[in-house]
Structure formats: C-alpha cells, structure tokens
Amino acid sequence: VIPNEIAISRIPVKKEDLRIIKSLGIRAIVCLATEREIYPFWGGILTYEANVISESMEFYFLPVEPKSAPDIKELIDLLIWISSRTTKGKPVAVHCFAGVGRAGTVAAAYLIFKGMMPKAAIDQVRKVRPGAIESSEQEEVLFQLSSVIDLVLRKEIPLKLVLEPIETKKPKLRIFRLRK
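So for the sequence shown, this note's numbering puts the first residue at 903; every next one is plus one.
Everything labelled a hint here was simulated from the structure, so no lab data went into it.
In the EDC-like style, the derived pairs of lysine to aspartate or glutamate whose C-alpha atoms are separated by at most 16 angstroms in a straight line are: (1) K917 with E957; (2) K1021 with E1039; (3) K917 with E951; (4) K969 with E1042.
Note that the structure is predicted; figures quoted are calculated from it, not measured.
Let the sequences and hints guide you as you build the complete structure.
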C-alpha cells in the first residue's frame, strides 16, 4: 500500500512464506486472523508467533472475525504500534485470512492516520487490492477513525481520552455468611 511502510497479505501458511515476506523487507507482522483460521496451518497462535519471531520480525496479534473490524480503541492502539515501527524504518505486513477485508481495513486506517480522507484511503487500498474493505462495518470504522482524529486535532476531545482504556465500575463483592 505504501512501499517501505505498510503492505497487506493473505495469511502466511508455512515457514517459507515468512522467509519470503522478510526477504521483501518486512520487519513486523500484524495478524488479524482468528485462532480458528490460524490453526490448520500453524497448530495455534503461539506456534505461529514463535515462527514469526524466529525470522527476526516483530508480531502483533489482534483477532478479528471475518467481515468485521476492530473497535475504534483497538484500531488506534494498533495504528500507534504500526506507526512506531514504520517511523523506525521497519515496514509492516498486515494480514487476515485472504488479505482483503480486515487487512485492507487496517491499511486504509493507517492511511487515514497519516492524514488521508477516508474515501481516498479506501480507494487507494482498493486500487492496490481489488475488493478490499468488504463490509459496511469495515467502512464505518474508517469514517469513525477519521472523525476521532479530527476531534482530537481540533482539541474537542483530549488525546488522553482516546488512548486510555474506558473505566468501568466494578460491582462490589458481597460476602454472605451462614448463620448457625
């Protein structure tokens, strides 16, 4: 999508695929596939992650169901992680299962994060990967991301609010004792 920064791919299914990805200059991998999708090829996420790391690449796992999208907080956390790699000269490959819907969504989100408008980002990703961003949910999160970034830049909401986890009140634990 952006040479020497971010690429999208289908799921690597064997060690040789990881070697090829690394030979193309990729230094970090984002996996959006679910454990169910990973299992037939790697036997589980831990084996897959170990293989990625053994190729001297960094790894980020954010399982997202097919045709779905990460929530806005997960997406922003991921974009910060990707950006911290790319600014250090470590290109990132993002994959889901087929490398179309979820991976395309994150690639478009990265373009928005770098200042592009949502429609232009979607068009750019689809130009490189026809059919990318497959569902209305995926498109919707991209427009939400753009709105959140705009609100932060206009200082209508503090960046801290976007980056911190939402606190929830924990229910009080009640201890009951039996009477004798």
